[in-house]
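Numbering (UniProt numbering), first residue to last: 1 to 168.
A few of these clues could be false.
Said to hold, decoys possible - Using 20 Å as the maximum straight-line C-alpha spacing, the simulated EDC-like pairs for lysine to aspartate or glutamate come out as follows:
{"#": "1", "residue 1": "Lys37", "residue 2": "Glu55"}
{"#": "2", "residue 1": "Lys72", "residue 2": "Glu55"}
{"#": "3", "residue 1": "Lys44", "residue 2": "Asp26"}
{"#": "4", "residue 1": "Lys148", "residue 2": "Glu122"}
{"#": "5", "residue 1": "Lys34", "residue 2": "Glu53"}
{"#": "6", "residue 1": "Lys37", "residue 2": "Glu77"}
{"#": "7", "residue 1": "Lys148", "residue 2": "Asp79"}
{"#": "8", "residue 1": "Lys37", "residue 2": "Glu122"}
{"#": "9", "residue 1": "Lys37", "residue 2": "Glu52"}
{"#": "10", "residue 1": "Lys148", "residue 2": "Asp130"}
{"#": "11", "residue 1": "Lys148", "residue 2": "Glu50"}
{"#": "12", "residue 1": "Lys37", "residue 2": "Asp110"}
{"#": "13", "residue 1": "Lys44", "residue 2": "Glu77"}
{"#": "14", "residue 1": "Lys72", "residue 2": "Glu52"}
{"#": "15", "residue 1": "Lys29", "residue 2": "Glu118"}
{"#": "16", "residue 1": "Lys29", "residue 2": "Glu136"}
Don't read these hints as lab results, they were simulated from the structure.
Here the structure is a predicted model, which is why all the values come from computation and not from measurement.
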Amino acid sequence: MFRSFTTPQLTSVFNAHFSMIQLNPDVIKDCWIKTSKRSSSIKKAFGMLEHEEPETNASFMNLPITIQAFFKELIFELDCDSVKIRQRCEQLGARHVDFSERGFHSNFWDIFQVCTIEVIAECNLGLNEDQHRSYELAWIHLLSSVVKSMRNGYTRRRTHLERPKSNT
């Protein structure tokens, strides 16, 4: 059963265990590469051929740095505050409408979420089993909130842009 976290609990788990990046410096890059290997549509959105290795695409490989900075912002600058996270993610989701012309689909976030959870589950964090599970659950909670909020922002803006303009 999914464990519900309060903001202080999330902050505590992340502050105590964000050493994941230090112990596993390529974790976000690994999540990103795994995501591209799950969906040829993601590769296509970045102009890659289906069998092209994502590591050879410079623009694709620049994104993990941005993604890592984004999660650092959510965890540390926004203090895992659910209202602030929702607002920030809705803004970012709305901006992704601009990438639709390049082949972006909002289901890419679902693929990234699953891949991230899988990669984190495999990380060496130096934690006991209960601590590691709490850490995974905190990420599941955060990623679910991020994806839901980004999708809300994306859908809202897309709907607004597709609405016919009235002559009033």
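Structure-based check of each hint:
1. Lys37 - Glu55: 11 Å, holds
2. Lys72 - Glu55: 23 Å, violated
3. Lys44 - Asp26: 23 Å, violated
4. Lys148 - Glu122: Violated, at roughly 24 Å.
5. Lys34 - Glu53: With a Cα-Cα distance of about 11 Å, the restraint between Lys34 and Glu53 holds, given a limit of 20 Å.
6. Lys37 - Glu77: Outside the cut-off at roughly 31 Å; violated.
7. Lys148 - Asp79: With Cα atoms ~19 Å apart, Lys148 and Asp79 stay inside 20 Å; holds.
8. Lys37 - Glu122: With Cα atoms ~17 Å apart, Lys37 and Glu122 stay inside 20 Å; holds.
9. Lys37 - Glu52: Roughly 10 Å between the alpha carbons, so the hint for Lys37 and Glu52 holds.
10. Lys148 - Asp130: Violated: Lys148 and Asp130 sit about 27 Å apart, past 20 Å.
11. Lys148 - Glu50: 28 Å, violated
12. Lys37 - Asp110: 14 Å, holds
13. Lys44 - Glu77: With a Cα-Cα distance of about 33 Å, the restraint between Lys44 and Glu77 is violated, given a limit of 20 Å.
14. Lys72 - Glu52: Given pair Lys72, Glu52 is violated - Cα atoms ~30 Å apart, limit 20 Å.
15. Lys29 - Glu118: 13 Å, holds
16. Lys29 - Glu136: The given pair, whose Cα atoms are some 18 Å apart, holds under the 20 Å limit.
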